[in-house]
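Colleague: Which chain is which? The protein sequence lines are A and B, in order. The opening residue of the first sequence carries number 1 in the numbering used here; numbering runs sequentially from there. The opening residue of the second sequence carries number 1 in the numbering used here; numbering runs sequentially from there.
Read the hints as simulated data drawn from the structure, not as lab findings. The structure presented is a predicted model; accordingly, all values stated were derived computationally and were not measured. Careful, some of the hints might be misleading.
[As the list claims (entries may be wrong)] Using 27 Å as the maximum straight-line C-alpha spacing, the simulated DSS-like pairs for lysine-lysine come out as follows:
#, chain 1, residue 1, chain 2, residue 2
1, B, K251, A, K418
2, A, K125, A, K418
3, A, K418, B, K573
4, B, K273, B, K197
5, A, K84, A, K7
6, B, K337, B, K192
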Amino acid sequence: MAVDRRKVAVFSAAFILRLVLVCLFPSLPDLLTGRVEVSTPVNSFKRLQEGLFLYTRNVSPYDGGVFHQAPLLLPLFALLPDVKGNPVPTAVFYFLVDLVNAHALATISESGQSVQSRLHSTIRKHIRWDGASVAAWFLFNPFTIATCLARSTSVFTTTGILFAVSNAVSGNSVNAMLALGLASYLSLYPALLFIPLVLLCYDQRAQKLPNTVSFIMQNASILLSSIAGLLGLSYLITGNFWEFMSATYGFHLLVPDLTPNVGLWWYFFIEMFDSFREFFLGVFWLHLASYVGGLTIRLRRQPLFVITSLLGVFAIFKPYPSISDASLYFAFLPLYRHTFPFMRYTFFAISAILYASLLGPAFYHLWIYAGSGNANFFYAITLVWSLGLSILLADSIFAVLRDEWEQDHPEARGSEVKQV
Amino acid sequence: MTTFSLLSLLLTLAVTLWSSSVLASSDYHEQLFLQPLPQSSLLASFNFRGNTSQQSFDNQHFRYFPRALGQILQHAHTKELHLRFSTGRWDAESWGPRPWNGSKEGGTGVELWAWIDAADDEEAFARWTTLTQSLSGLFCASLNFVDSTRTTRPVVSFEPTGGHSSTDGLHLLHGILPGEVVCTENLTPFLKLLPCKGKTGISSLFDGHKLFDAAWQSMSVDMRPICPPGGECLVQIEQTVDMVLDIERSKRPRANPIPRPVPNEQLVCDTSKPYNSEDTCYPLEKVTETGWSLMEVFGRSLQGVCPLAGSDGEQSVCLRVPHERSVFTSENALEIKKDDGYTRCFKLDPSSPFDLAVHEQQMNTRVPLEDPILHAERTIVGHGQERGGMRIIFGNPSETAAVDFIYFESLPWFLRPYIHTLQATITGRDGVRREIPASDLVTETFFRPAIDRERGTQLELALSVPAASTVTLTYDFEKAILRYTEYPPDANRGFNVAPAVIRILNTPDSSPVYIRSTSLLLPLPTPDFSMPYNVIILTSTVIALGFGTVFNLLVRRIVSLDEAAALGAQNIKGRILSKLVMIRDMLRPKATKVE
């Protein structure tokens with residue numbers, strides 16, 4: 001097997017950078033673990049530690065309000081040495097997970113699926129980043145590094161999603177569905193990626209197109225059985241099915257913990273009138289799910305971009321978003337490097353995102369520690385952050401639509417367009 | 001007999017003596033115990049105790065047992081009840097061990113625990129709710145707020161004090177309201193439970209103005225069954241009021257309670273100071289013991305003896321001062337000095353009022369105060385409204401014996417402890433801090449984590465503190481942010497955290513010794529209460545912007561600028577036509593598909 005030297009260099013540089021950060025600033029992981037932008041109630045490493053503590057002492061971690069993560073993480077982390085005494089193995093484990101994620105991303109990039117697929121072929125194939133650059137963009141993104149150092153468990157969901165996509169672009173639909181099953185089992189929301197992922201797998205089998213309905217049913221059954229298998233394993237671990245179901249998925253769905261995060265839900269549901277709480281929970285979830293249909297239909301020719309955009313939607317509108325979701329979206333965006341020239345508001349979007357990422361911690365400090373600001377300070381920043389991300393999302397969708405249009409109208413290449 | 005207190009022993013002895021003499025019959029006793037404490041304080045400890053046979057209790061034939069309470073207990077199937085109303089802080093460093101060894105004391109606010117007869121946990125909780133609701137009405141206290149989030153089921157911290165025929169169906173439930181302000185509206189119903197209702201006997205001394213002005217006070221109601229071997233079972237109710245009055249403060253006349261500076265000529269100055277002059281004085285500490293009388297500190301005199309109380313020989317008022325101190329009493333009262341050199345009791349004339357005066361006097365001997373078995377304090381550390389830490393310090397003053405105890409803590413659900421961060425440090429007399437694994441000190445842990453809006457955290461630790469050392473336990477916690485309707489009107493004041501209860505196990509005579517820490521104030525992050533509408537509108541706007549732009553892109557068609565100009569330049573007729581063209585365009589691919 002030929003070793004790609006650039007990729008090896010990128011991977012080892014990323015590994016060393018993380019190691020240096022941990023060694024130079026030993027308190028950095030704990031600091032980042034405590035940041036609300038990085039750790040949410042559903043991916044916090046500290047809560048995982050608490051759950052692990054109870055689990056290893058034969059107390060059900062789900063019979064409490066602290067631990068809301070998937071049960072299979074418990075035996076996994078029980079194998080690693082205690083973090084308090086020996087933090088290095090856990091940290092290295094997370095570094096490796098990050099590298100595995102980057103590798104999957106490089107695979108996706110190298111497949112060329114974003115520029116050339118069964119129904120779509122852009123005329124700008126030459127503007128493209130190779131796998132190593134995309135992996136480097138992911139690995140050296142400060143959001144990814146922060147997530148990795150904070151040991152947030154959402155990296156495992158990221159792994160699941162990236163492996164699902166990388167298997168789908170290589171036409172391995174069974175593995176893709178198994179990986180998606182793992183991601184959905186860990187965080188519930190990746191299940192919404194099922195339809196675009198199936199379409200991606202379907203397009204990969206261009207030579208011998210199978211029957212559409214039976215193909216979808218087949219994949220759905222693989223997904224469901226993988227989730228059922230994981231839930232069965234979890235039942236064996238916890239011994240109380242409904243207790244862990246309500247503590248994990250019930251928690252995702254009903255959003256009882258309103259700890260601040262970068263999303264839009266927490267402050268809205270703090271201030272919501274009690275009688276409308278359930279109604280707006282339903283509306284917010286419906287809103288999140290509504291993008292699946294619209295994007296899948298309109299961008300039928302590019303299911304990989306549908307997945308990218310949905311990841312962006314999740315990073316903005318899911319109940320407990322963190323910067324790890326944004327970092328996953330940012331990781332997928334360079335796959336569409338060829339559409340960047342069509343983007344119209346990049347300056348504004350990037351400024352808004354930078355503004356929010358720099359001022360967010362400051363305003364949070366003013367509210368929680370200094371007492372010279374109130375909750376509205378941090379809330380306003382989360383609004384700006386969401387706004388910046390949604391501008392970026394909309395702009396990238398526009399750019400891709402424009403690219404598709406040029407593919408259909410090669411004669412009009414480079415001309416100004418308008419939407420009617 | 002090392003660290004055990006004489007005071008507590010005395011009280012316990014007195015009680016044991018009574019119990020042995022009175023178990024056989026249904027009867028009523030009351031006693032007042034007074035002891036001056038350092039820093040010109042006065043401990044007044046009132047005890048009222050009534051017995052009724054189990055049979056007459058079951059037949060609702062009440063004599064000494066208050067009917068109002070008895071019926072509530074029967075309705076709620078409560079077999080044993082302990083109710084406490086407390087304010088203030090017992091200063092263990094100056095005043096020594098607590099009266100009754102802390103067993104008649106509650107945490108700041110209202111504390112209630114009861115053994116309820118029920119088939120299962122749900123039924124027990126339903127009956128507990130009945131009990132708290134009824135007691136809330138009876139005692140004018142907010143006990144109805146003891147809901148599932150404030151109710152715990154301690155495993156090892158409490159044991160039944162009564163003689164229960166079987167403890168199989170008994171469920172212990174414990175609730176505490178640390179924010180409850182105890183005041184006169186709780187005293188009045190408390191007095192109504194007494195057979196003499198505060199009209200005669202020692203209960204005639206109660207005055208809400210004085211009682212709730214005390215540095216520390218605790219009112220308790222205990223109901224328990226007592227089954228002597230071979231005898232008939234009794235139901236006992238015991239009410240106590242313990243208070244520590246600041247003598248100087250209590251002596252101020254009610255009409256003019258503002259403290260005045262001592263006039264210059266009455267000041268005792270340290271004349272050895274070089275700057276001592278007409279207008280400069282370094283005041284000397286008083287060498288004499290403060291004088292006081294019942295009339296002065298309680299604002300009223302004692303109205304004879306409750307006619308229902310005890311037999312003829314009963315000495316219902318006892319005072320613990322050295323025998324050499326002169327004590328003046330009203331006529332017709334008989335003074336009996338005990339052999340221990342410090343205690344004297346008075347036999348009162350049933351018909352005439354009684355007053356007792358101790359004059360200011362220079363004393364050579366003092367009543368000895370023992371060291372408490374254990375010092376305990378609990379504080380919240382850290383800053384910011386996001387997370388914090390709990391620090392509990394246990395000091396063992398004994399040079400020889402280790403102290404084994406149970407530490408019990410019930411935390412509100414919005415304080416989320418991380419029990420894996422529990423750490424211990426131990427400091428010896430040499431002052432060197434050593435970090436040790438918490439498991440070296442904690443022999444057993446009972447932990448029940450909180451569930452949001454359903455139940456609070458319950459933590460019970462069985463600990464052992466070695467001799468002559470101080471142990472500090474710490475753990476981290478996180479502060480939850482609540483929905484804005486869940487905050488009280490004074491949200492930025494903070495939330496009360498219930499006091500911890502410490503039960504000392506290895507006491508010399510195996511009687512229970514309890515210590516309670518002070519309650520804590522926990523500041524939580526607060527949202528902006530003034531803008532629910534603004535938040536709903538702003539968040540909805542951002543969501544609508546995202547949704548709107550994305551779907552706007554998705555449903556529109558991209559055309560080149562020339563086509564767009566052609567479309568836009570048309571008149572109304574042209575526009576309608578173009579719409580038609582658009583509709584045709586939309587239909588065409590469908591048509592081809594159908595073919």
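Colleague: All hints, please: hold or fail.
Modeller: Results of checking the hints against the structure:
no.: 1; hint: B:K251 - A:K418; in the structure: violated, 90 Å
no.: 2; hint: A:K125 - A:K418; in the structure: holds, 24 Å
no.: 3; hint: A:K418 - B:K573; in the structure: holds, 22 Å
no.: 4; hint: B:K273 - B:K197; in the structure: violated, 56 Å
no.: 5; hint: A:K84 - A:K7; in the structure: violated, 33 Å
no.: 6; hint: B:K337 - B:K192; in the structure: violated, 33 Å
The earlier numbered hints that this structure contradicts are 1, 4, 5 and 6.
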